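2 protein chains.
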Amino acid sequence: MIIDGNSHVTLPLQEHIKDMDMAGIDKTVLFPTTFHPEASTNFTEVKASMEFLNDLLAGKKGSMVEARKKSVSEVVEAINLYPDRYIGFGAVPVGLELDATLQYVDEVIEKNNLVGMGEFTLGSGQIHLLNNIFYASQEFHNLPVWIHAFFPLTFSDIKEISELAKRYPRTPVILGHLGGINWIETVALVKEIPNLYLDTSAYYSTFILGSIINEVPAKCFFGVDRPFGDLQLSKDAILRLANTPSIASLVLGENIAQLLHKS
Amino acid sequence: MIIDGNSHVTLPLQEHIKDMDMAGIDKTVLFPTTFHPEASTNFTEVKASMEFLNDLLAGKKGSMVEARKKSVSEVVEAINLYPDRYIGFGAVPVGLELDATLQYVDEVIEKNNLVGMGEFTLGSGQIHLLNNIFYASQEFHNLPVWIHAFFPLTFSDIKEISELAKRYPRTPVILGHLGGINWIETVALVKEIPNLYLDTSAYYSTFILGSIINEVPAKCFFGVDRPFGDLQLSKDAILRLANTPSIASLVLGENIAQLLHKS
Chain A
71 MIIDGNSHVT LPLQEHIKDM DMAGIDKTVL FPTTFHPEAS TNFTEVKASM EFLNDLLAGK
131 KGSMVEARKK SVSEVVEAIN LYPDRYIGFG AVPVGLELDA TLQYVDEVIE KNNLVGMGEF
191 TLGSGQIHLL NNIFYASQEF HNLPVWIHAF FPLTFSDIKE ISELAKRYPR TPVILGHLGG
251 INWIETVALV KEIPNLYLDT SAYYSTFILG SIINEVPAKC FFGVDRPFGD LQLSKDAILR
311 LANTPSIASL VLGENIAQLL HKS
Chain B
71 MIIDGNSHVT LPLQEHIKDM DMAGIDKTVL FPTTFHPEAS TNFTEVKASM EFLNDLLAGK
131 KGSMVEARKK SVSEVVEAIN LYPDRYIGFG AVPVGLELDA TLQYVDEVIE KNNLVGMGEF
191 TLGSGQIHLL NNIFYASQEF HNLPVWIHAF FPLTFSDIKE ISELAKRYPR TPVILGHLGG
251 INWIETVALV KEIPNLYLDT SAYYSTFILG SIINEVPAKC FFGVDRPFGD LQLSKDAILR
311 LANTPSIASL VLGENIAQLL HKS
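So the sequences go chain by chain: A and B. The number in the numbering used here is simply the position in the first sequence, starting from 1, with 70 added. The number in the numbering used here is simply the position in the second sequence, starting from 1, with 70 added.
There may be inaccurate statements among the hints.
For chains that are exact copies, the list does not tell them apart, and a pair is met inside one copy or across any two.
To be verified - Using 20 Å as the maximum straight-line C-alpha spacing, the simulated EDC-like pairs for lysine to aspartate or glutamate come out as follows:
id, residue 1, residue 2
1, Lys139, Glu255
2, Lys229, Glu121
3, Lys130, Glu324
4, Lys140, Glu177
5, Lys88, Glu209
6, Lys130, Glu189
7, Lys181, Asp169
8, Lys88, Glu167
9, Lys117, Glu255
10, Lys261, Asp89
11, Lys117, Asp154
Everything labelled a hint here was simulated from the structure, so no lab data went into it. Here the structure is a predicted model, which means the values were calculated and not measured.
Isolated chain A, as found in the complex (with noise of 0.2 Å):
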């Protein structure tokens, strides 16, 4: 079963789903947006898009509680609509205190059945702000946490996960993107640590992809980050660059299957 681990919800839907069925890809584990810059239909339009993701990926959003409860109720919406092809991911607002986190979580992710907490996009330095959140996944039988690793996080940020992750061992923590361009650093903690794993989205080189795949196989995630990527684009680099079938069968879908209890 081929999975793709992290896509944005994209409308309409049943493009995407047509796209799936396009690319040969089963199940898509889908993340909530606040924007949606498959929308664009000019430069200017997508640039203003990608303008709102620099705020967001620099945290310059803050909580945007509202706005991620609507993004929330879209994912909902569309597993309603497709139970057989998406499962979900619930975005969290980060800073609220204790006993807010708990109760978004109850009401936002349990009672909607959705099976973990993301995309988190933090700026560097705010990385404590996820405290909240790991104590949440304890609460809810250790929820996974899925956080953007790429661009604006330095390696630094990233240690500081590891650390959570360390201090949490039950949570799965999926760092997105590969680490960007701290990739060679953040795959040593991803050996070291169990609970810790890789999305492949957003590679920047083919040759780095195919090297981190082959090296940990059983803790990469295929990633399509879509809108960001293409599906087909997506799938293709990873069938070409693993080195044996076995290790696509298990980054295209059988190590997040196992993971999610999905299959």
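Please build the complex by placing chain B on the supplied structure of chain A, with the hints as guidance.
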């Protein structure tokens, strides 16, 4: 005609030619390299290669005059072996006096019939080291200058490069890797400055790659950046993302053929 506008010498050469044949790439603009990551047989060797690269990209390796001359002789040998398939750029050390720079360009670039200078890998804050290179370009019938413009360069560095491009309006300047995370501001410069171009390799999002090639199709050169990129996957990406076949043709070969007067 499909031209890979940027790949490094990878050994053995016949392997590269075979891969070009399989991917349907007619010619490659070959760049020198002072190391051969493609020869790595395990992750430890990959890591060592990439640590070398990181030092190189941070400008920590200095002029490396002898290593660069040797790397150029690899390019020249490759062209002599496959004159119909390879065109070459040559490395020029930065930080030499003007006279020494001109003498080097004459002996190493001109006398070997190389068609451009690069890839220049400078640390952030080191762009002023290119002054003599641009002067040499002007002296030698406006040899194109190819500059790595992904990490660790900041937008301030890219802006400084664009000022050099304005000061030398007849020198084609190719910014490698789309400007990296600074692609939005970089595209604005490329639109404004006629002799400023983009190389498409090392894209980390096909959404971004597609937005750029469709916005400034006449200013983009397809690049694989082998060994870091894969010929087939890189070509497939352009074909899949270009809005029209004529945009694909421009990016995949026509633009660079026109620049280098090759067809």
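### Query
Quick check: which numbered hints come out false for this structure?
Violated: hints 1, 3, 5, 8, 10 and 11.
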